[in-house]
Structure formats: structure tokens, C-alpha cells
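**Q** Listed below are the residues making up each chain.
Protein chains: 4
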Amino acid sequence: MPGKNRKISANVRRRAARVRLLLMDVDGTLTDGHVYLVSQADGTALEMKCFNAQDGQGLTLAAQAGLRTGVISGRESPAMRRRAKESRIEFVCEGTAVKIPAYEDLLRKTHLSEEQVGYIGDDLPDLPVMRRVGFSVAVANAVPEVMQAAHHVTQRAGGDGAVREVIEIILKAQGKWESLISKAKA
Amino acid sequence: MPGKNRKISANVRRRAARVRLLLMDVDGTLTDGHVYLVSQADGTALEMKCFNAQDGQGLTLAAQAGLRTGVISGRESPAMRRRAKESRIEFVCEGTAVKIPAYEDLLRKTHLSEEQVGYIGDDLPDLPVMRRVGFSVAVANAVPEVMQAAHHVTQRAGGDGAVREVIEIILKAQGKWESLISKAKA
Amino acid sequence: MPGKNRKISANVRRRAARVRLLLMDVDGTLTDGHVYLVSQADGTALEMKCFNAQDGQGLTLAAQAGLRTGVISGRESPAMRRRAKESRIEFVCEGTAVKIPAYEDLLRKTHLSEEQVGYIGDDLPDLPVMRRVGFSVAVANAVPEVMQAAHHVTQRAGGDGAVREVIEIILKAQGKWESLISKAKA
Amino acid sequence: MPGKNRKISANVRRRAARVRLLLMDVDGTLTDGHVYLVSQADGTALEMKCFNAQDGQGLTLAAQAGLRTGVISGRESPAMRRRAKESRIEFVCEGTAVKIPAYEDLLRKTHLSEEQVGYIGDDLPDLPVMRRVGFSVAVANAVPEVMQAAHHVTQRAGGDGAVREVIEIILKAQGKWESLISKAKA
Numbered sequence: 120m121p122g123k124n125r126k127i128s129a130n131v132r133r134r135a136a137r138v139r140l141l142l143m144d145v146d147g148t149l150t151d152g153h154v155y156l157v158s159q160a161d162g163t164a165l166e167m168k169c170f171n172a173q174d175g176q177g178l179t180l181a182a183q184a185g186l187r188t189g190v191i192s193g194r195e196s197p198a199m200r201r202r203a204k205e206s207r208i209e210f211v212c213e214g215t216a217v218k219i220p221a222y223e224d225l226l227r228k229t230h231l232s233e234e235q236v237g238y239i240g241d242d243l244p245d246l247p248v249m250r251r252v253g254f255s256v257a258v259a260n261a262v263p264e265v266m267q268a269a270h271h272v273t274q275r276a277g278g279d280g281a282v283r284e285v286i287e288i289i290l291k292a293q294g295k296w297e298s299l300i301s302k303a304k305a
Numbered sequence: 120m121p122g123k124n125r126k127i128s129a130n131v132r133r134r135a136a137r138v139r140l141l142l143m144d145v146d147g148t149l150t151d152g153h154v155y156l157v158s159q160a161d162g163t164a165l166e167m168k169c170f171n172a173q174d175g176q177g178l179t180l181a182a183q184a185g186l187r188t189g190v191i192s193g194r195e196s197p198a199m200r201r202r203a204k205e206s207r208i209e210f211v212c213e214g215t216a217v218k219i220p221a222y223e224d225l226l227r228k229t230h231l232s233e234e235q236v237g238y239i240g241d242d243l244p245d246l247p248v249m250r251r252v253g254f255s256v257a258v259a260n261a262v263p264e265v266m267q268a269a270h271h272v273t274q275r276a277g278g279d280g281a282v283r284e285v286i287e288i289i290l291k292a293q294g295k296w297e298s299l300i301s302k303a304k305a
Numbered sequence: 120m121p122g123k124n125r126k127i128s129a130n131v132r133r134r135a136a137r138v139r140l141l142l143m144d145v146d147g148t149l150t151d152g153h154v155y156l157v158s159q160a161d162g163t164a165l166e167m168k169c170f171n172a173q174d175g176q177g178l179t180l181a182a183q184a185g186l187r188t189g190v191i192s193g194r195e196s197p198a199m200r201r202r203a204k205e206s207r208i209e210f211v212c213e214g215t216a217v218k219i220p221a222y223e224d225l226l227r228k229t230h231l232s233e234e235q236v237g238y239i240g241d242d243l244p245d246l247p248v249m250r251r252v253g254f255s256v257a258v259a260n261a262v263p264e265v266m267q268a269a270h271h272v273t274q275r276a277g278g279d280g281a282v283r284e285v286i287e288i289i290l291k292a293q294g295k296w297e298s299l300i301s302k303a304k305a
Numbered sequence: 120m121p122g123k124n125r126k127i128s129a130n131v132r133r134r135a136a137r138v139r140l141l142l143m144d145v146d147g148t149l150t151d152g153h154v155y156l157v158s159q160a161d162g163t164a165l166e167m168k169c170f171n172a173q174d175g176q177g178l179t180l181a182a183q184a185g186l187r188t189g190v191i192s193g194r195e196s197p198a199m200r201r202r203a204k205e206s207r208i209e210f211v212c213e214g215t216a217v218k219i220p221a222y223e224d225l226l227r228k229t230h231l232s233e234e235q236v237g238y239i240g241d242d243l244p245d246l247p248v249m250r251r252v253g254f255s256v257a258v259a260n261a262v263p264e265v266m267q268a269a270h271h272v273t274q275r276a277g278g279d280g281a282v283r284e285v286i287e288i289i290l291k292a293q294g295k296w297e298s299l300i301s302k303a304k305a
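Quick mapping for you: the protein sequence lines, in order, are chains A, B, C and D.
What the first sequence shows, in my numbering, is residues 120 to 305, in sequence order.
What the second sequence shows, in my numbering, is residues 120 to 305, in sequence order.
What the third sequence shows, in my numbering, is residues 120 to 305, in sequence order.
What the fourth sequence shows, in my numbering, is residues 120 to 305, in sequence order.
Don't read these hints as lab results, they were simulated from the structure.
One or more of the hints may lead you astray.
[Stated by the list, open to error] Interface residues of chain D toward chain C, partial, derived using beta-carbon atoms under 7 angstroms: (1) A136; (2) D146; (3) G152; (4) H153; (5) Y155; (6) G162; (7) L246.
These numbers were taken from a predicted model, which means no experiment stands behind them.
Beta carbons: idealized from backbone N, C-alpha and C, even for Gly.
Could you put together the complete structure from these sequences and hints?
**A** Here you go:
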């Protein structure tokens, strides 16, 4: 369960309260880290990704609350683009083995400072962006180097609700969570 | 194992005994909460859902015992419709981001009172229906707000037998389980 | 790991030693109990099954050792038929909601007595056959009624090596395992 | 997490330090041991394999560090070939029920001694190669016979980061890991 029995430190709350744009890695962060490939009769293979329904709900809540979101991925994927549309993810940057140029491009587009950006990742290519943003988060299944570099480590793994957990931390730190829940109950 | 070593409270048994129509959320309740998307060569993506064989068996037992069933989902899915046919689920309401209108429509169609309806869910969009039905159930992987709102929380997660577990509770409370088992053994 | 740290009772060994034909349920026994459905653009859905590589290896060893194998399933599936061919499963009986007629047909075809047949299952439709065969096995994820009816319960779940585990028990009880391993090492 | 809280013995480090070519089994080693089959409308079935994103990242790091890699598999698979290209795996030997001829062919092609070869496997067909290479590794989900034959057993299962774990052991033993991490942080 997202955030159950978990104390969030004052430092994490302060950092989360400033986030206006939440960026995410895809494989291992928004998905469960599996790369599924389906062999085709013509000798090619199609890719499948595994997303999480509660993450999708969280991303929709983020959009309702005015928190902007985006993904930066080294791989290109129609699956990711469809999921972005369904979950109201605003920015989809794909096919960038190196993530800093895409990150800097988003800073320019959104006119936000680095303090206002959050980033969730699991592996080495996420490190350069994580070292610059105001709120960096490692998922529970991240490699040790990414855990050490993060301001916060989630309880749940990528594709198992880690993104939902981070969105709740941010929206709670910003005092927006309770009114979303009240609206949801109606 | 469904229901193993588990005491069901008298209140839950009383509520379960009245249920004539069992409604369910789909993603995270009748499935395992994963949203699988398969990239296609033309740039689109197809969706895959992951159901549970023992849930399917339970839904078939429910139909044999005269317990009516239905799903209410925010997403549209040929996979869900095929699964409904295989598992003898009577009502399939899809593409309804807000679930109350579909719920009220089913009340009218079935001429049942709210006390006679059960509902199983895992996330915030399930709350409005759960607050009205006679027997509301949260799956083991539900978000905290849904767990708090439920009359009962299952031991098994969505897509891992949670629906089967609820069907057994209902059919046992109604004294119908034993004769189904005897028939199955023959 | 199949068979690790596990004492097999003398009764189970005696029953296993007599088995000449090992029959299996499919969903939840030879697969992991998930029913995956892939939505298609034309509104239909295709089914995917999840088998286990070590089970496949075990079934191939069984064939090498002269142990005959077969599946009896309520569903029809090209996936199952391909897997049967790859794993050298001799008999594939599909689309039989009731399993006894298929079972009796196999008895006639193989000229075996019921004592010489083993069966692995997980759910209620498996009970009638399990009550007749000489060696009945429930997988670790079986429902309680099936566990109670079985001569043996596996440590591993269906689709996670349960079938391999049973094949090892049988071939060890028949004194055939060691020579298979020696041959494999060469 | 790969390698977390784990002492690697001096013997394993010495063997790992010599490896110039890392060979791997596919099903159960580079994948999670599941064999997914998708039924098609024409009665055939397509295969899907489940790889791991962190393994893929590790294989790319191996290529950057000059460690050559290859797979030897009994099955043929367009999915494996696409994954090999994405992850910079140099050698793909498929459809070889017996693995020794493919192994000896790779020795000739690479002009390496057996001491300079590592192999990761999970099941009986891996034993003959494992008994010859300088550094043999069993994944956490390997069968007992393979575990006993291995110089090292990984903490993580196949398809869950076992290959990444082995690549880290090798590159750390060769003193190449730290500079890769420094480069990744930049």
C-alpha cells in the first residue's frame, strides 16, 4: 500500500513541496523492469511493457492537481506513448541514451528551476539527472549507486506502485491530497 | 489458498448472506493490477490483461449457484469482454470513468436493493459505489482509503484469487458451498 | 529448487514407483494460473499462457525415461498444443469441462490400470480424476479441497516448477533419475 | 540489488578476473524461466520472452568495458536475437539441444582458453559446458545439480538481475567497475 506506516522526513517533505514537474525513467521505474519481447512469424519481435493500474490512477490525480509529469527513456516505444496518453503524462522524451539534453530541454520549455523538478529512477543512466534535480527518488528495486544518490527511496518497486507512492508524497507535502480524496469519495 | 485459516466475522457473514449481485472493478481487482501494452509495428499498442484461473472457476460456480455477477471499469477492453463470456459474468459496464451511473443502471435492471449488492475494488474510483452497497470488499493490494471504507479485506491480491475468495465467503454464508463441492467431486 | 530438503514419504514413493502415465491439468498446474488475454484491433482477444522452462526440461527427461505424459484441460489452446510438442507431451485432451470421459479414454488407449496413472491438479474440476488415480498430486497453489484429496502436495506452485518436482519424485522412485543426470553431465 | 551485502570469495574473484568471454543460457538465466506462448487465430502460437532492464544495462556496460558476451540456447527465437542486438551481446548460438559443439566453436572463433570463459546456467543441459569453463555460475533458481557444479551461485534469479550481478563481479574483479560508475555519473 502506498505510504503505509512510513514516516517521511522533514527534508523530503520540504523538497517534495517545491516540485512542479515530476520526471520519470520508464523501464524499471514506471514499469516492472521486465523487457518482454514477442517473436513474430516474420522473424522480428515486438516489445511489451508492464505498467501499473495504481500508478496510472496516481498520474491522473497528479494532472488533476496541476502537477506536471514526464518520462525520459533510452528506448522508443508505442506502448509508452499510449500509456502516457491514458495516464495524462505531458512530456514523452524517447530514444535518448543520454538523458541530460532532454532534461535541459524540459527546463527551458517549462521555465522551471531545477529545485522545482523531481525525478524517479532505478539505474546508472538516471544518475546525471538525479544529481541536479531538487527531489531525486530511487525505486525500491534500484541499483545501489542510484539508492545512494537519492533523497528518498520508495517502499514499492517500479511497476508495483512506486510512482503512485511518490505522487502521494508530493501532493501531501503540498496540502493537495486530502481534497482529492474527498472529491474521489463523492 | 482461498479462505484458509481465516475467521470471517458475523457481520461480514450477515452482509454476504444477502448478496444477490456481486459487482467488481477490473484492473487491480479481477486482474493483477498490471496494465500490459504490446507495441505494434504501425506505432499503435494493444492491451493485455492478466486474469486468474481460480477466479474464473469461482465465477462459474457463482453462476451455477444463481449469484449474478458484473464488472464496472473505466477502460474498454475486448480482453475483458472475452473473459466475461468465459467466466459467465453477466454484466460488463465499460468506459465509465465515474462508476455511479453504471451502478444505478444495474440496480434498475436487476430490481435489487443496495443491500443485495456486493462490490470488490482496489482504488479511489471504487469508493463512491463501495459506500453504498450492502457488502463492500477491498482486495489485499487496495490503497489505504479503500481498505478503510470496506466491510472486509481479502487475504489474496487482485488477480491472485481475491474474487474467488469473496465468492466463497458469499456462497458459504448462503449455505450453498457444500453442495457445490459435493457435485464437483462426483 | 525441485525436491530440495524434502522428505518424500514411503507411501508416496510406493505410489510414484507404479506410475507409467502422468496426467496434468493445464491452467494453474502446468501454467502459473494466470489467464492472459490480448485485446486485438478487431475487438477479439487472443490468449497467452505462461509455462515454465524447468517443467519443459523435466517433461523431456520423462519422455527419455519412458514415462508417458498427457494434459486434460477445459479450455482449447494453440499455445498448449505447441508447448506439448516442444516438451514431448504425448496426449492433449482439450475442451472437456468434465474430465472423466477423457481420462477413461486414455485408460483404454494405453491399456494401463488406474494404479499406473498419476495426476496433478489445482482446482475443483480436477477432483473426480484425482479420486481414481494411483498417485494424485496437488500443486502448492491448489484450493484446500484439492489439497485434502491429494496423496502429495508439491513445494512449488503451478508454472513455477511443480510438474518438474513431480517428475523427479516419480523417476527417483523408479530408480531412473541418477542415470539421467549422469547422461546430462557428459 | 546486485551484489548488496555479499562477500565474494577470493577464489571466485580470481576466476572472475580471468574472464574475457561471458556465455549464458537463455531460458531461466537471461529470462525469468517462463515460456510464454500466445495463441494465434490461425491455430499457431508465438513465443514471448521476459528479459530484465538491469541485465540489459549490465550487458551494455560489459561491452563498453571490453568484456565479450554470448548466449547458447536450445530454442530459436527472434525475441532473443532482438534482445542481443539491443544489449550488445556479440554471439547468439541457437537451436543447439547439445551445447558443447557451439561452445567449442566459440573457443576457436575467439582464440580464448577455457580459463578465460565464464558461463551462467540454471538447468541440466548447462552442466557439460559448466564443467569446462574457468568460471561457472548458477543462478539462484537453478536446479540442485547445477548449483553443486558451479563455482558461484547468484543472489538474484534469472531474469531478475542474475546476469547483471555476474557482470559486476567480473568487472569489479578486473578493476573496471569504478571508472564505469564515474563515467555514468557525469
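**Q** The structure should be examined with respect to each hint, and the outcome stated for every one.
**A** Okay, the hints, checked on the actual structure:
no. : hint : in the structure
1   : A136 : violated (27 angstroms)
2   : D146 : holds (4 angstroms)
3   : G152 : holds (5 angstroms)
4   : H153 : holds (5 angstroms)
5   : Y155 : holds (5 angstroms)
6   : G162 : holds (5 angstroms)
7   : L246 : holds (5 angstroms)
Hint 1 from the earlier list is the only one contradicted by this structure; the remaining hints agree with it.
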